[in-house]
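S.K.: Next come the chains, spelled out residue by residue.
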Amino acid sequence: MSAESAKSETAKKARKFYGHGIPGVKLEDLTGKLIVVEGADGSGRSTQIARLVEWLETTGHATTVVGLKRSHLVSKELEQAQEGNILSRTTLGLFYATDFADQLENIILPALKAGFIVLADRYIYTLMARDMVRGMDEKWLKNLYGIALEPDAVFYLSVEPQELVQRNLAKNATLDYWESGMDLGLSRDMFDSFLKYQTAMQGAFKKLQKTYGFQIVDASRPVGSITKELRKKIRALLSESKT
Amino acid sequence: MKTFAELNFPGRLIAVEGLDGSGKSTQIYLLKRWLEAEGIKVYFSEWNSSELVKSATSKGKKRELLTPTTFSLIHATDFADRYERHLVPLLRAGYIVLCDRYIFTAFARDVTRGCPPEWVRGLYSFAALPDLTLFFKADLEVSLNRILEGRPKLKFFEAGMDLRLSTDPYESFRIFQGRILEQYMAMSQEFKFVVMDANQQVGKQQVLVRKLVAEKIDLKKFRRRSPLPLPPPASRPEDKSKDPEEDMAATV
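From first to last, the protein sequence lines are chains A and B. Residue numbers for the first sequence follow numbering that gives the first Met the number 0, beginning at 0 and rising by one. Residue numbers for the second sequence follow numbering that gives the first Met the number 0, beginning at 0 and rising by one.
Read the hints as simulated data drawn from the structure, not as lab findings. Even for Gly, the Cβ is constructed at its ideal location relative to N, Cα and C. Mixed in with the good hints there might be a few duds.
As the list claims (entries may be wrong) - Per label pair, the in silico range of CB-to-CB distance: (1) A:Gln79 with B:Phe43: 19 to 27 Å; (2) B:Glu45 with A:Asp175: 31 to 39 Å; (3) A:Asp136 with B:Gln188: 26 to 34 Å; (4) B:Gln188 with A:Phe190: 50 to 58 Å; (5) A:Lys209 with B:Glu117: 21 to 29 Å.
Said to hold, decoys possible - Listing some non-contacts, in silico: residues in chain A with all C-beta distances to chain B over 12 Å: (6) Arg69; (7) Tyr95; (8) Glu104; (9) Ala113; (10) Arg121.
As the list claims (entries may be wrong) - Over the 12 Å line for every Cβ pair with chain A, so calculated as not near, a few chain B residues: (11) Asn7; (12) Arg112; (13) Ile146; (14) Glu148; (15) Glu181; (16) Met184; (17) Gln199; (18) Val206.
Same shape as in the complex, but just chain B:
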């Protein structure tokens, strides 16, 4: 398996992986805001978000129709749709593509659900590897507490209830997440994960994320020819700011 850079794609793909509650989505969001502000061609894609496949997935999940095999296949379908219709054309066009979860999520989850590892890897063998994979590793308890704070209603598959690990969804969720973390760690070296300390403060992590990205990718090559008209953040007075996130991203 090769990375997009090794395959001579003009674009680059950055993926974040980690358990639910590891803070990876916040980090990739802040990264996106920074790249946008820098005038870089950037696209963000989320796991399990293809419009086409969504209705089947949500029906399957709601009615608990999914088995480990169909769960795996429907997510592969979703990924293939995004990969072929969005990621590849954008990478061909020289975009920086940010993925909140990539094939490693399937490798970790589907195998935890009992699918043979070789089969799952084979399914995704059409996909190239990210040019940079950031793995957000928080203590299991920290991730669990972030998700379980306020005891939200856990969804059936999210809690791994299909695995019959425990009749208590919270207990099931804990065991399930623990096993997924083990799977992630087992493939960390093979796929050159850059392991981030996700117990650290959000801003500190983001400084490091941006540093890593800038080191790995020559960002000026990915600028739009005509940059989007964004005023430089430093000189922007408060009254003009409509989007508080932008300020936050810029001042980290």
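Pulled out of the complex, with its shape left as it was, chain A reads as follows:
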């Protein structure tokens, strides 16, 4: 499926949850747009989101940004638990799902109801990919994230692991424990582990792409051209909904 056809399909789709969703939500009230940007650390996600917010707001669109591990309910506890690295995979998966659900119900859905554009700095796909790489059952994950709302567009910023490792080291001079998948014991060498983990993550994303049909954006290009592509696609999405 080409990126273009995936996009127009997403745009035409009626609002729906992936599964049972959240009890008591009226889908027709959610008049805003939910746009998701996915990608590993170093894919330029945050940069692109900042640029999109700037552009959307100056063109008169009320915009809200959400991300993972930012809920009032569990973000602090999740952070603590991760520091000690004592949670097993199911627990960590469910903890993240709780964080997601809290933000979905308290930020995303109300903002969409108010007609906002919600830019999600990662969504359920990262959570699912992480859990898949850790051996969680895909059927289980699909049921769990049946609570999630289907976005209007999902952009996956794709960068090869070899390039990601360079970008992360150039930025921080070190690699993040979790982004290197060190909990998986793939390698004791962090550099090695990072490459293996990010390759596995990419594989999981490709698998998810087949089910969820998101648009793959080549993010190895210069920042400006990526922004241009994203703007073009989002502009199309926004104008389609007006007609």
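For chain A, the structure is supplied; the task is to place chain B on it using the hints.
M.R.: Frame of chain A; chain B shown alone:
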């Protein structure tokens, strides 16, 4: 779904379920004391007790931040933490694990709160079934009166106030508990609950509990290799007894 025995775990899991005030916690406590006194490797785990998740749960409850979905997920997180870090390793090591509430509590409560049953069951599908589930069924009025005696201050979620069943917490609690009981009864056969008459006298119930456990599980297989040094209860004079509960458990 399979039980731990069917999955060839060396250990066995016994769960008690029932409404608040059904007396199930007393019964499982007495069961634990008996098994301990018998020199059996036993571990007790309570619903909603994982240290890690506790602070988030209590914050959510105190500030009434929880929706049916997050309420369900946070309890599943708590359960998963206990399941993966305590229950499974202990069952692998041949322990008898006693659970005060198990996944059926979530099945009953979360569905009463409006979560889709298939979704809730899916969340907990990583968990094996207990080898024995005792359901303590008291008359709704008996359970309610036990809890409401002296009219304690009911907590928001405990009373099901989030469901807006009634503005009066006591009325809300009654309706909520009634609905949970219906959910429990609806799954009783499917999950082979052994239904206990919880209106009976505590000691009588415990005699039956112990009989059921001994019938279901070959207890001598679960003894510690070197038993804990406990003097036989019958020959123990009063002055040595520091723990009155132990005597009580032994004489039932």
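S.K.: The structure should be examined with respect to each hint, and the outcome stated for every one.
M.R.: Results of checking the hints against the structure:
Between A:Gln79 and B:Phe43 the C-beta distance comes to about 26 Å, which sits within the given range of 19 to 27 Å. At about 36 Å, the CB distance of B:Glu45 to A:Asp175 agrees with the hint of 31 to 39 Å. Between A:Asp136 and B:Gln188 the CB atoms are about 27 Å apart, so this pair conforms to the stated range of 26 to 34 Å. Range check, B:Gln188 to A:Phe190: Cβ separation about 56 Å, and the 50 to 58 Å hint holds.
A hinted range of 21 to 29 Å holds for the C-beta pair A:Lys209 and B:Glu117, which are about 24 Å apart. Every Cβ of chain B is farther than 12 Å from the Cβ of A:Arg69; the closest lies at roughly 14 Å, confirming the non-interface assignment. With a closest Cβ-Cβ approach of about 9 Å to chain B, A:Tyr95 is found to fall inside the 12 Å limit, against its non-interface label. Not every C-beta of chain B lies more than 12 Å from that of A:Glu104, the closest at about 5 Å, which undercuts listing it as non-interface.
Chain B leaves A:Ala113 outside its interface by the beta-carbon criterion, the shortest separation being 18 Å against a cut-off of 12 Å. Non-interface status of A:Arg121 relative to chain B is upheld: no Cβ of that chain comes within 12 Å, the nearest being about 18 Å off. Distance to chain A confirms B:Asn7 as a non-interface residue, since its nearest Cβ pair spans about 20 Å, more than 12 Å. Annotated as non-interface, B:Arg112 brings its C-beta within 12 Å of a C-beta of chain A; the closest such distance is 8 Å.
Separation of B:Ile146 from chain A is adequate, the least Cβ-Cβ distance of about 27 Å exceeding the 12 Å criterion. Distance check for B:Glu148 against chain A: the nearest CB is about 33 Å away, which clears 12 Å, and the non-interface claim stands. Every beta carbon of chain A lies more than 12 Å from that of B:Glu181, the smallest distance being close to 18 Å; the non-interface claim holds. No Cβ of chain A comes within 12 Å of the Cβ of B:Met184; the nearest lies about 23 Å off, and the non-interface call holds.
Every Cβ of chain A is farther than 12 Å from the Cβ of B:Gln199; the closest lies at roughly 38 Å, confirming the non-interface assignment. Listed as outside the interface, B:Val206 is consistent with that label: its C-beta sits roughly 38 Å from the nearest C-beta of chain A, beyond the 12 Å cut-off.
In this structure, the earlier hints numbered 7, 8 and 12 are contradicted, and the remaining ones agree with it.
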